[in-house]
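Read off the chains here:
There are 2 protein chains.
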Amino acid sequence: MMQRFAINTATFGFQYPIEQSIDAIAAAGFGGVAPWRREIEGQDVSAIAKRIRDAGLKVTGYCRSTYLPSLTREGLQANIESNRRALDDAAILGANSFVMVVGGLPKGSKDIAAARAHVAEGTAQLLEHGRSLGVRIALEPLHPVYTAERSCLTLLSEALNMCQQIEGIVSAPSLGVCLDVYHVWWDPNLKRDIARAGVEKRIFGFHVCDWLVPTADVLNDRGMMGDGVIDIPSIRAEVEKAGYQGLIEVEIFSEQNWWKRPVVEILKVCAERLTTSV
Amino acid sequence: MMQRFAINTATFGFQYPIEQSIDAIAAAGFGGVAPWRREIEGQDVSAIAKRIRDAGLKVTGYCRSTYLPSLTREGLQANIESNRRALDDAAILGANSFVMVVGGLPKGSKDIAAARAHVAEGTAQLLEHGRSLGVRIALEPLHPVYTAERSCLTLLSEALNMCQQIEGIVSAPSLGVCLDVYHVWWDPNLKRDIARAGVEKRIFGFHVCDWLVPTADVLNDRGMMGDGVIDIPSIRAEVEKAGYQGLIEVEIFSEQNWWKRPVVEILKVCAERLTTSV
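So the protein sequences, as listed, match chains S and X. When we follow our numbering, the leftmost residue of the first sequence carries the number 20, and every step to the right adds one. When we follow our numbering, the leftmost residue of the second sequence carries the number 20, and every step to the right adds one.
By construction, these hints were calculated from the structure, which means they are not laboratory data. Among these hints, one or two may not hold up.
Which copy is meant is left open, because identical chains are indistinguishable; a pair holds if it fits in one copy or across any two.
To be verified - Derived DSSO-like pairs (lysine-lysine); straight-line CA-CA distance at most 30 Å:
no.: 1; residue 1: 129; residue 2: 77
no.: 2; residue 1: 210; residue 2: 126
no.: 3; residue 1: 210; residue 2: 220
no.: 4; residue 1: 126; residue 2: 220
no.: 5; residue 1: 77; residue 2: 126
no.: 6; residue 1: 279; residue 2: 220
no.: 7; residue 1: 210; residue 2: 69
no.: 8; residue 1: 77; residue 2: 260
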């Protein structure tokens, strides 16, 4: 019953080595996992890939890109290079896509147009490398509260425009988007833009969690599905109406609550809430 | 030199009675003040209006609306009534506009479409009352981080669409927008939408402060102009290119920093930064 769903390992707060997370996710009956580079890099990536396959799990997404914008050309190139190496690992892992959180304003800059230009340039280069490896790239528009520090790419429409500018409209895109309800639920154009993403075949991933009221910390106080104010079933319905058939991934950053709980308990509650509140 | 600028009394953290704030703002040479209902209601409004006029200050905006959305029709009507009374006071104060922060999801609701429908319905009713009084209404789109608790109206384009739907495109609108750099700086369509707001003559107010990195608290840790990452001069240039000739208003919510300082110091730094960083 949980085969339709995946767990992003950030949901465990990186309490465990990746091997233990993989085994726990598979034991709980989920269909996929989304690992992070901090768990993979410097390890035997092929061995981890094999462990994931042997556990019967898919890799929904590989998280996540080095931020692209920099104050200098050299900095931008270094950031692109770092992402190329991550794409190599994404290929070994057999990831459905490489998830890009594009980065915000470089420290010391107020030039958001320049940051966006770096994102477009870097993404175009990475797309070529991804294609050569057979790895798709999913741009994740982040909530506008993260614009300064994490992502100058915020609106779904903006992400789709960037895909279109870089790749054009094609029948089987290699550049798409990853939709996280936390980042997009507030957008007055959400329904329209999900439909467009479907027509353009750009929905590569779909993440769920919830927006708590109040939110103690916009980065690390995200909620379990059902504990907040996002109408997740309605967004899921739009995403599926738009043709998305991939796994639905749980990703919860929750320093003071879920990250303090044992992985078995987190997975049990995720499974319940995926049934009742997604 | 400061006649082009106004001070929103929230910038003082409501440390002083309104009379003292008015006198301090006028003594520092500013051209306008934006008072809050908490400082006005229950007082002799005509006397406060006279004191503002006698001090040579304009009232840029009267802050702010009762949130409109409710779980019930009765609740919506009560919220509209509360705003009618505030419009009456705005008329006595001679406010350039009544500033509307429209409200988010009513407690217990996840239905953002319903909240938006209440906002549209309530605003339409208030516009009629405002017209009868000669008071313009300025919808203030808030940063999307406030969607749940303060404003389901977030994008400037969304605010302009609402103005158009309610009032149509007219030569001298009574319904417009109040632009605050804190709320809109991140928007990829900002330049386009400011230009549209200008063409449609909808820019009724322009607020400045700054987005700090890091931000300790998205509500009450806003920065003094120049201390954050917003390219304020560039946004100001767009707003003035769009035809805005009204006062530029400083509004800073800063519980741990500016609100702890004496009003004279706050005004001195505002005056400096309005010269160097706006």
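Practice problem: Return the numbers of the hints above that this structure violates; sort them in rising order. | Solution: Checked against the structure, the hints that fail are numbers 1, 4, 5, 6 and 7, while the rest are satisfied.
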